[in-house]
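Engineer: In the numbering used here, the protein residues as written are 11 to 270.
Hints in this document: simulated from the structure, not taken from any laboratory. Any given hint could be a false lead.
[As the list claims (entries may be wrong)] Using C-beta positions, here's what the derived DEER-type ranges look like:
(1) 80 <-> 203: 40 to 50 Å
(2) 62 <-> 250: 21 to 31 Å
(3) 260 <-> 97: 36 to 46 Å
(4) 247 <-> 198: 12 to 22 Å
(5) 239 <-> 80: 38 to 48 Å
(6) 65 <-> 211: 18 to 28 Å
[Said to hold, decoys possible] Taking lysine to aspartate or glutamate pairs in the EDC-like style, the calculated list, with each CA pair at most 16 Å apart, reads:
(7) 190 <-> 260
(8) 143 <-> 65
(9) 250 <-> 229
(10) 143 <-> 260
(11) 190 <-> 259
(12) 190 <-> 204
(13) 97 <-> 157
(14) 190 <-> 157
For each residue, glycine too, the CB sits at the ideal point set by N, CA and C.
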Amino acid sequence: MPDEALSHLDERGHAHMVDVGDKIVTQRTAEASGHVRMAPHTLALLADDAMPKGDVLATARIAGIQAAKRTSELIPLCHLLALSSVKLDFALDTELPGVRIRARCRVAGRTGVEMEALTAVSVAALTLYDMCKAVDKGMVIGAVQLEHKEGGKSGDWHREPATLEAEPPAAPVAQRDSIKVLLFAALRETLDTESIEVPFTELASATLSGLKEALIARDARFALLHEQQVLSAVNQRMCKSDAPLSPGDEVGFFPPVMGG
Numbered sequence: 011m012p013d014e015a016l017s018h019l020d021e022r023g024h025a026h027m028v029d030v031g032d033k034i035v036t037q038r039t040a041e042a043s044g045h046v047r048m049a050p051h052t053l054a055l056l057a058d059d060a061m062p063k064g065d066v067l068a069t070a071r072i073a074g075i076q077a078a079k080r081t082s083e084l085i086p087l088c089h090l091l092a093l094s095s096v097k098l099d100f101a102l103d104t105e106l107p108g109v110r111i112r113a114r115c116r117v118a119g120r121t122g123v124e125m126e127a128l129t130a131v132s133v134a135a136l137t138l139y140d141m142c143k144a145v146d147k148g149m150v151i152g153a154v155q156l157e158h159k160e161g162g163k164s165g166d167w168h169r170e171p172a173t174l175e176a177e178p179p180a181a182p183v184a185q186r187d188s189i190k191v192l193l194f195a196a197l198r199e200t201l202d203t204e205s206i207e208v209p210f211t212e213l214a215s216a217t218l219s220g221l222k223e224a225l226i227a228r229d230a231r232f233a234l235l236h237e238q239q240v241l242s243a244v245n246q247r248m249c250k251s252d253a254p255l256s257p258g259d260e261v262g263f264f265p266p267v268m269g270g
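Take these sequences, add in the hints, and give me the full structure.
Structural biologist: Okay, here's the thing in structure tokens:
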């Protein structure tokens, strides 16, 4: 094991801040990444700048920069660094679906900025969650990791691209002969239900509009699904009333965000 592998422990195993006073000042860079996975309708609202709390990405960027500068106050054994640069980038990814985050920190110093980059990503992700939680409390923060670092005694380090192993063929799944309907936010409260299974044979037609008619036939209150402001998604993809349906599909209905 290298001498510095556990440099935050002394000879008695006690944690301490490493003395970097004798190290040479060099240019150091670190880049980290992470993501926030969310429902498709949440991502759509984010893309349309329709979140009730305002500009989500601008707020998350400021939060990430602030967090990087204050990393030593959050991580006990980190040194206080005079960062020369902190940059955060966000990418909306419909395949995730969600937001991918990348942070890059630079400093001329005696110790690296890996923790600053990781902290920037983590706090930016938490801020994204806070800004969007009124719409989607099921969001998941994940894959926060160091991508590469440059400078210092240990030299450069780059994460190797992940290799995808072939997965064994999935066991056959019995095909549902129904449509699973999910209701979100105010719709769930108004209709007093979260999910419903509708037999495919009940649909007036094999479309989203046909599903709505089947729901209205069950309970007249579902007529509100015909209102223009009610949005819908089939298998987590935004769609319109003429979208075709198949047995086993999952359909979500959700209202627009009006604030709060």
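Engineer: Run every hint past the structure and note whether it holds.
Structural biologist: Each hint, compared with the structure:
Take residue 80 and residue 203: their Cβ atoms lie about 45 Å apart, and the range 40 to 50 Å holds. Restraint check, residue 62 to residue 250: a C-beta distance of roughly 25 Å satisfies the suggested window 21 to 31 Å. At roughly 38 Å, the beta-carbon separation of residue 260 and residue 97 lies within the given 36 to 46 Å, and the hint holds. The supplied range of 12 to 22 Å is met by residue 247 and residue 198, whose beta-carbon atoms lie about 20 Å from each other.
The supplied range of 38 to 48 Å is met by residue 239 and residue 80, whose beta-carbon atoms lie about 41 Å from each other. Range check, residue 65 to residue 211: Cβ separation about 47 Å, and the 18 to 28 Å hint is violated. Proposed proximity of residue 190 and residue 260 is supported: the alpha carbons are some 5 Å apart, at most 16 Å. Pair hint residue 143 plus residue 65 holds up; C-alpha atoms about 14 Å apart against a cutoff of 16 Å.
At roughly 22 Å between alpha-carbon atoms, residue 250 and residue 229 are farther apart than 16 Å, so this suggested pair is violated. Taking the CA atoms of residue 143 and residue 260, the gap is about 22 Å. The hint is violated against a cut of 16 Å. The hinted pair formed by residue 190 and residue 259 meets the criterion: a straight-line CA distance of about 6 Å does not exceed 16 Å. For the proposed pair residue 190 and residue 204, the alpha carbon gap of about 11 Å is at most 16 Å, so the pair holds.
Proposed proximity of residue 97 and residue 157 is supported: the alpha carbons are some 14 Å apart, at most 16 Å. A threshold of 16 Å between alpha carbons decides the hint, and for residue 190 with residue 157 the separation of about 40 Å lies outside it, so the pair is violated.
Hints 6, 9, 10, 14, counting from the list given before, are not met by this structure.
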